[in-house]
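A.B. asks: The task is to assemble the complex, starting from two chains supplied on their own in separate frames and drawing on the hints.
One letter stands for each residue in the lines below.
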Amino acid sequence: MVTAGLALAGAAILVAGTVTIMVAIQRRPYQAEIAPTKGSPGQGVLYAFTLGMAPWAKESARRHWVAYLRGIVFHIIIFVGGLFLIASPWLTEFPSLLRVSLAALFALGAALTFAGFGMRLSDPALRRLSTPDDYFALALVTLFLASGAASAAQIEFLPAFWAISGITMAYVPFGKLRHFLYFFYERAFLGLVFGSRGVLKWKHE
Amino acid sequence: MNSPTKTKQNKLIIAKEMLGNLVDRRVLTALEVCVRCGICTESCHYYQSNPKIEHTPYYRAELVRRLYRRFFDPVGRVFPQWFGAGETTEDLLSKLAETAFSSCTLCQRCTLACPFGVETAEIMRITRSVATATGNAPDILVELANAAIAKEENAELFRDIYLDQIKDLEKEVQDILGSSKARIPVGEKGARMLYVPLAGAHTIVPQAVLFNIAQESWTLGMFEASNYAVFLADGVKAKHIAERITKEAEQVKAKEIIIAECGHAYTTMRWDVPKWRGSPLPFKVRSIIEVLDEYVREGRLHLDSAQNSQPTTYHDSCNLGRKGGIFEEPRRVIRAAASDYREMTPNRLHSYCCGGGSGLVAVEEWADIRLQAGKLKAEQIRQTGAKIVVTSCDNCRHQIKELSERHDLGIEVTSVSELAVKSLA
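If you read the sequences in order, they're chains X and C.
Using the numbering used here, the first residue of the first sequence is number 484, and each one after it goes up by one.
Using the numbering used here, the first residue of the second sequence is number 677, and each one after it goes up by one.
Since the hints were made in silico from the structure, they are not lab data.
Ideal Cβ positions, reconstructed from N, Cα and C, are used throughout, including at glycine.
Wrong hints could be hidden among the right ones.
Said to hold, decoys possible - A few chain C residues facing chain X, derived, Cβ under 10 angstroms:
(1) L707
(2) R742
(3) P956
(4) F1003
Next up, chain C with everything else stripped away, as it sits in the complex (with noise of 0.2 angstroms):
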């Protein structure tokens, strides 16, 4: 058995050796660049709903770069001082596990804001690896991590209940059409569109609605986009969570896989997934989101924005918009459904993170931490006057909710495809 002295020195030589490896051309940059002139500091969410020093991104920034060149810079080996460097001690690797997954949400905000775009957000991604490597990341997301795979290992045994459930769901969707042809077909070979829902009857109900009036060639995946191990930035693991998903494609023979409004796992399956393969995949990519403002653009599903009278705003999910690119889309979506839209200011490339992302909202006891730092958000509602707060992310949306109650904010928090069904004409 390890002695405790050294299990902590074992943990220092893998951190080390992690932090050499993981390194890429992106994150040396990101780690070079950077000359501490603090004009980052508003840019972060914490930072504005709590403003000190370590809410900064160029203090957490910091943290790594000094370990990194006390391990890897010729100078700084010799003369760690003259960089800052301290020791490198157990304690710092604890520091910097929770600082890579507390008071950062990967937004990437602070990276637009920087004079010279440094990715701090991706320096945090390799602290998360360094911590999930030894031992020092959230035990609930390693937790759900493991339990995707282990869902996906013992298929057969939850196949039946997860195609009873449907069942039922599917007895919903015919209720909302009236019609007893509404289908939610899963697992059927031929359809065009393999749409991946997340856990929980509103991200299967609304979409087979949708899908259903317009007539869509689709099938119901077995498991959830979502994917904690990329919050874990381990690679491995997350690579084994997508795979079920692009295997499940493979098999019904889809040409995309649509993915259920979720920020990280559109980011993930669209962006990720085919560089971890090191090749594109073999099908389209696409959020709801996305096929449903071509279902309004082609007239597939028609919409009435009378049907939603209601001041209504839209909140950027980070995955999806600074990172994915999609902001045009819902907007299109909402303003056919919604006679009321109002933006928040700022928005699109620079909305700010509702602070619930990269896994904050599963980690029950940074609960206070992340409301916190959702602050500014709540108020960014406020100043719209809105009652509804649209988003198409369900961490977003958990956070909003929980937002709305501890700021008294009086909104109700919905996504596009369920703001759609509301709307339908």
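This is chain X alone, in the form it adopts within the complex (with noise of 0.2 angstroms):
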């Protein structure tokens, strides 16, 4: 029952959290393009947010390939986390098979996450730039994730994946977890600036 409080509560904070940053862009300025278009904004947004961010389409992706690659999944793993985690109240409900996937996934996103560890510490670039709420954050996606796994293989384990699912919701708005937010501000504001120069379309000739 506390935990289940305590990751209500990093919920609610989570919510407020990223209200409050939405408003604070919000009341920032922002200038639109004015002159006339070259191209089309819409179809920079369009492309800014899908084929805009294939790994074929960035050089820096096929030489970063592992870093790309482990972004995206444990990203995606993280979402589908945040899914289990809203229904996970009905965890007894769930059809077994189901849950033993979902411990593979978790603990597969666990992984990939503390991999992240490695290479911050491993890259001399990376170590020298990386910041405490760097590490931080990692730790607590990581446990989130690891706890994803073990709720979801072991029910006795679900007040341990409230609890630090809380924390970590809570801590969200405060360090670089905030991110996942103005990640759709950065997408957006760059394809509407190079769509609307036609600079991001389809094809180019």
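C.D. replies: Set out below in structure tokens:
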């Protein structure tokens, strides 16, 4: 009961923090392109959220394919983890095959997230620029997914999962985990600006 | 008189205030979204030419990010170390200024490499603003921007000299065309196009030849297109300098402003000036490249590619290409003007900066930095086997010429307009 309360409190902080961040973003000035467009802003945004993120569209993704793939996979797993958290009060009603599958998926996610420590520590440049916030965020997400895996496998771990989820969600607005929200803004700005200018489009001649 | 300590404190106060005011939605997002994954590392020509952490896009942005968090983030203000932020000192401001001006050409290649699309160039742009406001910008850029403003304020003083110079250039045009009727009109009311050149006959004579052949209704601008205040990210001065041109266009009642082959001048007039004014310009803005492309496609200009048989390649200016969407127009003209056209790899959207952009070519003491950063471009050129490198930006032209000397490329660097004149059928 206490841990469920922790999760709910964390969720409330996450929602309040997210709204506060969105208000703060909206309060900042924004200069849209005013000049007659050379391309399509709408097409630019669509491209930015789809093909513009495809690994084959990015030389950087081809060069860092392990890191890129890791990033995509563990973010998808975190999203599934969020859905699992919402549905977790009804965990007993989950079919056992689904629980086993989720446990395996979250375990993979936890491993991929944990690998982030190795990637940060083994690269001298990343090690030099990494902050306590980076490591704390990695630890929280690793624990979130690991406890999700444990609770999907063994229901006795559910209170621990809720507690960790609560702490993780509560931290989101205060540290790097808030990038999840800014991501949507950044891709949208990219699409709007470069789409208007005819830079981002489905196909160049 | 202010004591040195007070001056330092004032600079820090100005830096904080400016940073707070300049961070708009795009910059705030760019500051907040980076997770320091390092995927952008090799996208930067500085890093490719000299691999060290200071040359990574995320390092540059991180310097500003930490300062911003120390000043404005609720957690960062109380626990700056949590975000890796150190003391804010005048030395830090100097380091930021040097980074923004000499270690980043705002080419935006890293933005496209980033999984999130972090606009590091936007972060560097506001850093340049802060540096300019705190007196940390390169003196030469400040002097050039001030000179442009002074030129407008004293336009009558140099007008006659300018007209005399143009008369001499007009004779050159007449000689090239073999016609005494060829003209370089200046300030002619009712002309459809106001062509805005750069300082230099190479941005006037070839274009005048082509306008005359195409029988264009045009007039030459009194002021040059370049805007050094843009490099300083000094919005007030940049707007002032740009207004010299828009005022002139209004005076002659031009329908279009045509910008010489200059990357930043085009981007400024085409995309930035309307934002600064808060409304679209009452005339169309195009690059001379777009006009030449139109002439070729409409048959107003007949080019003979057999006139230029040497291997030829094109360097995409970051401002015209990645920031302006002008990729195919120059290529169509070059293909019509040269029989052996070769692409650099990568090109267009993913083209590497030559290293000379955003004012670097004007700062003599950074010549070594920019020439080293251009090493990758030199290698790209060499791999094409081209003997002629065409570029539609004067900064790129200057940089590539110097790269050719340093790396013994043995190439000729030219503009699209000059190439077109050489291939006139």
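A.B. asks: Per the CB criterion, is C/R742 less than 10 angstroms away from chain X?
C.D. replies: holds, 8 angstroms
A.B. asks: Holds or violated: C/P956 as interface residue toward chain X, Cβ cutoff 10 angstroms?
C.D. replies: Holds. Min distance 6 angstroms.
A.B. asks: Does the closest beta carbon of chain X sit nearer than 10 angstroms to the beta carbon of C/L707?
C.D. replies: holds, 9 angstroms
A.B. asks: Does C/F1003 hold up as a contact with chain X if the rule is Cβ-Cβ below 10 angstroms?
C.D. replies: holds, 6 angstroms
When each numbered hint is compared with the structure, no violation occurs for any of them.
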